[in-house]
Amino acid sequence: MDYLKAFIVGGLICAVAQILIDKTKLTPARILVLYVTLGSILGGLGIYKSLIELGGAGATIPLLGFGNTLAQGVIKAVNKDGFIGIFTGGLSAGAGGIGAAIFFGYLFSIIFNPKTKK
Amino acid sequence: MAVKKLGKQTVKFSNPPSIESSATIVGPKEGNGPLKDFFDIILTDDTYGEKSWEKAESKMFQDAVDLALKKANFNINQIDYMLGGDLLNQIISANFAARQLNVPHFGLYGACSTMTEGLTLGAMLIDGGFADNIITATSSHFSTAERQYRYPLEQGIQRPFTSQWTVTGAGATILTSYGNGPYITHATTGKVIDLGMKDANNMGAAMAPAAADTIINHFKDTGFTIEEYDLIMTGDMARVGKDILLELLYKEGFDIESKYKDCGIEIFDESQDVHSGGSGAACSAVVFNGWLLTQILNGVYNKVLFMATGALLSPTSSQQGESIPGIAHAVTISRQK
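Residue numbers (the numbering used here), protein chains in the order written: chain A, 230 to 347; chain B, 651 to 987.
If you're looking for bench data, these hints aren't it; they were derived computationally from the structure. These figures come from a predicted structure and were not determined experimentally. Each hint should be verified, as a subset may be incorrect.
What the hints assert, rightly or not - Beta-carbon label-pair distances, calculated as ranges:
#1 A:267 to B:802: 22 to 32 Å
#2 A:334 to B:967: 41 to 51 Å
#3 A:258 to B:900: 32 to 42 Å
#4 A:243 to B:971: 25 to 35 Å
#5 A:321 to B:842: 43 to 53 Å
#6 A:311 to B:845: 16 to 26 Å
Built from N, CA and C at the ideal position, the CB exists for glycine as well.
Could you put the whole structure together from the sequences, leaning on the hints where they help?
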C-alpha cells in the first residue's frame, strides 16, 4: 500500500511537470526552479508535511521535496541559532542530497561518456 | 558600376560559375534516412574516432573538402579560396579544418544558411575575376549543436514536437570559372528579418518570414516565373516552417506548393522521430551536394532555386529573451548558362 501511495503522489507531481513542458512555453530549467520554490513555500507553511505523510518517498524525492527540505532546514536552524539560521539552515539540511549529487555526478562522468540521442 | 546587379537583392552572373564536384559525409541517423544512397560517406560512429564531437565535426568538414578535391582531380594548391563556416562558437569546425588544409580561407557565419552564402560569395569571386577555383563547405553535428544552442546532452531533455533535429554531416562544393555545369546563374541575397519569434525550439517559424522575403524578391528582381523553375528547395524549414512559408507566399500571390521541397523534410523519414524535421548547416549542404546535384546532373531537374535558411540566434541572446532573426540566401542552379 505504501508503494502504491508513493507511486500515485510522485506520479501526480511529475505529471503536472509534464503538462507544463508540453502545454506551456516554460523551459525545463524554469520548471525545476518553480518546483523548488513551490516546495519551500509549501514546506514553510507546513502544508507539504501532510503530503509526505501520505506519499512518503513519492513526495520527498521530486524537487518539491527538496524545496521542502530547504524550508524545514531554515526553520530548524532559526529556532536553534536565530537569525544566522536563515543562511545556514537550507544548505545544512540539503547537504546530503547536494553532496551525493556532486559525488555521483563526478563518479559517473569518469566512468561513462555522453552519447548522442538515438 | 554594378552591371551584374538585378533589382534590389539579386545578381546575374555574366560568366556563370560551374559546379565541378561535390562531396558529402553524414552521420548514422542520416545514413538510415531516405536519401542514404546519395551520400558519399556514412559514418557508423558519430564521434568519427575522435575524442569529442567538436573534433569529429571538424574532421567531417576537412574530409568533405578532401573528397570534393579528389572527385574533381584537384589538389588543394589549385584552389584560390575556401569559404566555409559552421554553427559553433567562433566557427571552429571550419577554422580548425582550414588549419590543416593550407588554403586561403574566408570564415562565414550564416547559421544554417551558410551553404548558399558560400555558393553566392564563391560565385561572385569567380565571376568578378578574383578566382578560378573555389571550394565552399559547411558542417553541423547534432551533439555539438545541441550543447551549443540548447542543453547538455547528459541532461536528457525532452524535445517538443516543433523542434528540429540537427543534421550530422558536412558538404563541400567546388566551383570553377570554366567547367561544363551545372551553373550558378543568379544569386539573391537575403535580408535579416525578425518578426519576434522567441522559441528556440521552433526555428522553422522564425525563419519563414525571411525565406518568404527572399523568394518574393528573387522573382521581382529576375522577372522569372514560378513555372520556369522545376524545383524550389529550401534548407531547413521543416514541416512547421513549410506550412508557414507556403501560406506567407500564397498571401503575396506566389503559389509555389507544386514545385516546393525542403531539405529538412526530405532527409529524414517520419519514423525516425525527428519531430518537425532536419535542420543545421549540414542539412541543406548534404541534401544539395548529395541528392539535389545528382538529380540535376541526371536531368531530372533543369533549373532549380536552392535557398538555405538560417536562424541567427545565439545562446546568449536566447537566455536574454531576445527574439530570433532569420535569413535566407537563394541561388539559381541551371544546366544551361
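Verification of the hints:
1. A:267 to B:802: 22 to 32 Å: 25 Å, holds
2. A:334 to B:967: 41 to 51 Å: 29 Å, violated
3. A:258 to B:900: 32 to 42 Å: 38 Å, holds
4. A:243 to B:971: 25 to 35 Å: 28 Å, holds
5. A:321 to B:842: 43 to 53 Å: 51 Å, holds
6. A:311 to B:845: 16 to 26 Å: For residue 311 of chain A and residue 845 of chain B the Cβ distance comes to about 55 Å; the hint is violated.
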